[in-house]
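**Student:** Protein chains in written order, with my numbering: chain A, 690 to 948; chain B, 132 to 388.
Some hints could be false.
Under the rule of at most 25 Å between Cα atoms (straight-line distance), these lysine to any residue pairs were calculated in the SDA-like manner [claimed, not checked]:
#: 1; chain 1: B; residue 1: Lys226; chain 2: A; residue 2: Glu933
#: 2; chain 1: B; residue 1: Lys226; chain 2: B; residue 2: Ile286
#: 3; chain 1: A; residue 1: Lys836; chain 2: B; residue 2: Gln265
#: 4; chain 1: A; residue 1: Lys854; chain 2: B; residue 2: Asp283
#: 5; chain 1: B; residue 1: Lys226; chain 2: A; residue 2: Gln939
#: 6; chain 1: B; residue 1: Lys189; chain 2: A; residue 2: Leu842
#: 7; chain 1: A; residue 1: Lys858; chain 2: A; residue 2: Ala734
#: 8; chain 1: A; residue 1: Lys843; chain 2: B; residue 2: Val207
Quick caveat, the hints were computed from the structure, so don't treat them as lab data.
These are the residues of each chain, in order.
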Amino acid sequence: MRMGIFRKTAVVVVSLSLLIGVWELVVLTGRFAPSLLPSPAKVAAGIGDLISDGSLISHLGVSLARFATGYFSASVIGMLLGLLFGCYKRIWAFIDPIVQVLRPVSPIAWFPFIVLWFGIGDVPAIVIIFIAAFYPVLLSTVSGVRKVDAIYLKVADNFDVRQPKRLFKIILPAAFPFIANGLHMALGSAWVFLVAGEMVGAQSGLGYLIIDARNSLRSDLVLAGIILIGVSGLLLDRLIRLLENGIEKQWGVSLGGGT
Amino acid sequence: MYIKIEGLSRTYVLNNGHKSVALEKVDLEIQQGEFICLLGPSGCGKSTLLNMIAGFEKPSTGSVNIKGELVDKPSVDRITIFQNYGLLPWRTVVKNVELGLEAKIPDKRKRREIAEEYIRLVGLSDYKKHHPAQLSGGMQQRVALARALAVDPEILLMDEPLGALDAMTRMNMQEEIERLWLEKQKTIIFVTHDIEEAVFLADRIVMMTPGPGRIKSIIDVPLARKRDRTSPDFLKIRDQVFAGFELKGVDHTEYYL
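Between the sequences and the hints, there should be enough to build the whole structure, so can you do that?
**Tutor:** Written as structure tokens, this is what we have:
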């Protein structure tokens with residue numbers, strides 16, 4: 690079922706208004722101290738402060754730069770290794786068990802080692818984002834390469850398309866609809882761990898913003914930070930969805946990605 | 132002889148360990164420039180035979196020789212056209228046609244020139260910037276034809292190329308393929324299960340039967356081009372093929388005067 694853009698917007702507005710209304714009502718009962726549950730107005734004012742004093746832009750900028758570095762390096766390395774392992778099943782047979790053991794480990798668990806190996810500053814957060822994004826990209830690429838329609842390989846053989854052209858001109862684009870799925874999942878999990886990474890190791894960024902607000906007992910700014918993280922994550926997700934739609938339309942294929 | 136197929140068999144080992152004979156002891160000779168149709172019901176090994184001529188599959192016994200050379204791998208001298216076109220959906224029409232030229236011709240502008248020439252040949256100049264998904268099935272098969280012809284192969288191998296098209300488009304495409312064959316003088320081996328299609332296109336029809344796949348007989352089609360599907364001669368040969376496959380009911384009625 691397709692809803693009109695107007696109705697869609699109306700639904701979103703109603704849903705958010707309901708949330709804020711309930712929140713305001715709970716605050717009005719007076720059963721929670723303002724430091725435990727700040728009112729919507731106070732949080733809005735907090736967001737206003739963060740925007741007007743420029744700290745939002747600088748923290749968001751730092752976070753996005755770390756995110757981009759970690760996410761894109763994980764995507765490129767994940768795809769390259771995935772292409773390699775997808776083409777050479779014997780190598781993958783040895784790598785697969787290692788990946789299966791490492792994958793369920795939260796990137797945050799590596800934090801003690803990350804600090805020992807990479808020190809402090811931007812790098813630990815980037816490494817955590819990298820780990821979070823790497824596995825979905827790697828695994829979707831390996832399985833994507835395996836699912837490449839045999840007809841493309843026949844065409845490549847027939848027209849004498851040899852390695853490495855075969856890998857980058859035939860196999861990678863043919864597997865891309867599957868890889869896009871992994872890229873989308875990686876984006877979500879990387880954004881989640883960006884904030885976690887910045888909370889334990891950084892002196893700037895959206896995660897740090899929340900820790901800093903907590904340390905100065907500003908619960909309104911904590912909530913403001915949470916809202917901003919949610920909104921930017923949502924915008925990133927929409928952005929990649931837009932890219933996927935463009936590719937789907939042009940190729941006439943379904944990428945079958947997340948929502 | 133141009134193409135010489137001798138004692139060609141292909142056996143598959145199934146998952147349960149049993150063997151299945153897809154093709155058994157096929158002998159066939161084809162002359163340069165001939166239009167050959169491999170005709171038969173599914174399971175008669177016609178696609179298997181084509182795949183071995185293409186070099187995609189290796190024979191279990193026997194051999195395929197082309198101009199005295201043993202076929203053991205695919206080559207740009209023999210391009211296969213598939214039923215589902217095999218176009219690369221991420222490339223535009225012109226980029227698809229350029230695919231086979233990329234290894235042969237390093238100069239980008241020259242490559243584009245050749246690709247556009249063949250796109251013109253199949254009448255798709257207005258669509259060269261489109262992606263395959265934006266084209267109809269018949270148009271996509273034209274792109275596949277342009278891509279195949281652009282590398283100037285000696286032989287075209289067609290594996291039920293019109294199988295996915297509706298009847299009218301199919302007839303148009305048969306005429307298109309005949310025109311390209313007459314113009315470019317290629318040798319064509321064309322797999323089909325459509326009797327009328329085979330009679331319309333072929334110089335010789337190789338009739339195949341399943342279980343195991345064998346050549347039953349070969350019928351010459353000595354009709355002039357372009358053929359009229361409703362002429363008595365056309366229908367006579369069509370009848371001959373029907374009879375060959377034992378598809379004609381034997382008439383047991385008694386006649387009275």
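**Student:** All hints are to be evaluated individually against the structure, with a verdict given for each.
**Tutor:** Hint check results:
| no. | hint | result |
| --- | --- | --- |
| 1 | Lys226/B with Glu933/A | holds, 21 Å |
| 2 | Lys226/B with Ile286/B | holds, 22 Å |
| 3 | Lys836/A with Gln265/B | holds, 24 Å |
| 4 | Lys854/A with Asp283/B | holds, 21 Å |
| 5 | Lys226/B with Gln939/A | holds, 14 Å |
| 6 | Lys189/B with Leu842/A | holds, 16 Å |
| 7 | Lys858/A with Ala734/A | violated, 52 Å |
| 8 | Lys843/A with Val207/B | holds, 12 Å |
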